[in-house]
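Enquirer: Listed below, chain by chain, are the residues.
There are 2 protein chains.
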Amino acid sequence: LGRPSEDELIETFFAPLAGPGGLGLRDDAAVLSPPGGHDLVLTTDVLVSGVHFFADDPAALVARKALRVNLSDLAAKGATPAGFLLALVLPEFWTTDWLAAFADGLRQDSVVYACPLLGGDTSRTPGPLMISITAFGSVPTGGMVPRGGVAVGDLIYVSGTIGDAALGLALRKRSAAEPSWTETMSAAAKSFLEDRYLLPQPRLVLGAALRRYARAAMDVSDGLAGDLAKMLRLSGTTAEISIADVPLSDAAREAVAREPGLVETMLCGGDDYEILCAVPPAWGGAFEDAARVAGVPVRAIGTAVPGAQPPTFKDAQGQSLAITQASFQHF
Amino acid sequence: LGRPSEDELIETFFAPLAGPGGLGLRDDAAVLSPPGGHDLVLTTDVLVSGVHFFADDPAALVARKALRVNLSDLAAKGATPAGFLLALVLPEFWTTDWLAAFADGLRQDSVVYACPLLGGDTSRTPGPLMISITAFGSVPTGGMVPRGGVAVGDLIYVSGTIGDAALGLALRKRSAAEPSWTETMSAAAKSFLEDRYLLPQPRLVLGAALRRYARAAMDVSDGLAGDLAKMLRLSGTTAEISIADVPLSDAAREAVAREPGLVETMLCGGDDYEILCAVPPAWGGAFEDAARVAGVPVRAIGTAVPGAQPPTFKDAQGQSLAITQASFQHF
Chain R
1 LGRPSEDELI ETFFAPLAGP GGLGLRDDAA VLSPPGGHDL VLTTDVLVSG VHFFADDPAA
61 LVARKALRVN LSDLAAKGAT PAGFLLALVL PEFWTTDWLA AFADGLRQDS VVYACPLLGG
121 DTSRTPGPLM ISITAFGSVP TGGMVPRGGV AVGDLIYVSG TIGDAALGLA LRKRSAAEPS
181 WTETMSAAAK SFLEDRYLLP QPRLVLGAAL RRYARAAMDV SDGLAGDLAK MLRLSGTTAE
241 ISIADVPLSD AAREAVAREP GLVETMLCGG DDYEILCAVP PAWGGAFEDA ARVAGVPVRA
301 IGTAVPGAQP PTFKDAQGQS LAITQASFQH F
Chain P
1001 LGRPSEDELI ETFFAPLAGP GGLGLRDDAA VLSPPGGHDL VLTTDVLVSG VHFFADDPAA
1061 LVARKALRVN LSDLAAKGAT PAGFLLALVL PEFWTTDWLA AFADGLRQDS VVYACPLLGG
1121 DTSRTPGPLM ISITAFGSVP TGGMVPRGGV AVGDLIYVSG TIGDAALGLA LRKRSAAEPS
1181 WTETMSAAAK SFLEDRYLLP QPRLVLGAAL RRYARAAMDV SDGLAGDLAK MLRLSGTTAE
1241 ISIADVPLSD AAREAVAREP GLVETMLCGG DDYEILCAVP PAWGGAFEDA ARVAGVPVRA
1301 IGTAVPGAQP PTFKDAQGQS LAITQASFQH F
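Residue numbers (our numbering), protein chains in the order written: chain R, 1 to 331; chain P, 1001 to 1331.
The following block holds chain R by itself, in its conformation from the complex:
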């Protein structure tokens, strides 16, 4: 009773988010013209309720995460956001309150990141809610930072801090039998880690520095160890990583101090949405300076070396960490 039709739903909740190329969401398609001398960069990521987020996560945060994981891909490619398409597949039981909050979250981030809604599709499903976003960005022609292209000797960098979201997810999953490491942690630290899981920070401000200094880049979405292995494999290299150099948040340090075994969770867990990149050593200092100016610190964690095996992660004593599952599998 009173459930809006698909057209009413689009008109009410999504048309207000439309950019000029979105034609008020009243056409079959959208138009996008990359500025002269630019390529368009395309990326798509799908989020399924119960797989990529919890069904009871706040709708606005779900929306923002769905957009941000796509923006994180654009960031890693050195691209500037230009717009996005949204395919929203709703389960039988949805409320207009939920949808209003979802649309409002999407609106907030589409404004913050200057990435307007250009179009989309809505459908229903007997299964869980599903959000598929395709995002577009622009880079100067030929300037997209590739995933392949690491050269032996390159410094391997990551942005921000690693492992927070994996710890946040562990906190979210905790049952009545709470893992012992959380018992004495500060509420602020726990809240920080949970936020890092809920709301990625796409590192778009690093775009110019990446285009200028990085030979290869990707975003860390499925765990640092697995994603680094993927990046290196493409260029037939491997790397030696110093675990002590992997940047950790204060909250993550609190957790590791209580449970040293969490290091593997942090190196292999997903949802970091930080930038992983390879920079020639001669440009390392300039890259770090540019990143600092942009407001997102980067840290060299190791060096690319010849070899076909997965990268090694060494602790302060020079011992290699045995990694059992390098990559978080949503699949």
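Everything labelled a hint here was simulated from the structure, so no lab data went into it.
Beta carbons are placed, not taken as given, at the ideal position from N, Cα and C, and that holds for glycine.
Stretches of chain P that chain R covers, calculated by requiring three or more beta carbons in the stretch to come under 8 Å of a beta carbon on chain R: (1) 1023-1030; (2) 1146-1160.
A short list of chain P residues far from chain R (calculated; beta carbon distances all over 12 Å): (3) P1016; (4) R1107; (5) Q1108; (6) T1182; (7) A1187; (8) R1212; (9) E1288; (10) D1289; (11) A1322.
Below, computed lysine to aspartate or glutamate pairings styled on EDC-like, alpha-carbon distance capped at 20 Å: (12) R:K173 / R:D195; (13) R:K230 / P:E1006; (14) P:K1230 / R:D7.
The hints should help you fit chain P onto chain R, whose structure is shown.
Expert: Using the frame of chain R, we list chain P on its own:
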């Protein structure tokens, strides 16, 4: 046991379909550069198993339909396909046979329509299989045929034949108690109608004619009556349609001869994927000639007139058909 990982699945089934901008599906993103003097046209459509197709439809046809419904949107905008992104969300129980057939269907049509795979995402779901495709096309700058823009006096045209897929769907849905109209129909006619439901024919060959002669266009995906109402509403016009002029296939004529009430099913059912457009009367002859040369006949079915009400559909006796549900709702 032996289930491929996400990376293996992409490498095995989808990397062979990748176009140059797809970077072997080994990057986070794809690159696309519309040719100079062209805009990019973007469209996205999602198909959910059990909602948009039957779970036991052949995998290759599901794949081809998923791509073709997007190509149909590009066709209606006068755009030439440039590539697509695929988000594939698989249920718990899928087989490599199913996926191989799906990828092969997709490969066939990506070749036929010169529309290479550029990238995508895969995920699992506890719900039904879901396919979200985003397709890209190019049009000369400013040349996208809009949905709005109908002028009073314009001839309303449709391509091909209308209502076949709605009858095909009715045939697919028939229970043990088969509707009486199917009893004496030829097997060939029934098979034709079912095929029209399973496999749309995107009218891309009409692109040049639409760009040259059509003031407004869209594809008929949710039923002629409802889609025409949407198109007219955007330009504040309505139309008088002659039901006798709506082009029908021989198979559809067989059905209507047995059950005249099917006319409403045919005018309001979905999945035609024909072109609906408005052409100034002075250009009608030239548009029909161009369409004939392209190999897809078009037929004028009425005229745009002033008014805000939904279009009227009149039979040979001048009686208006009372339309109870103008538009097919997947939603």
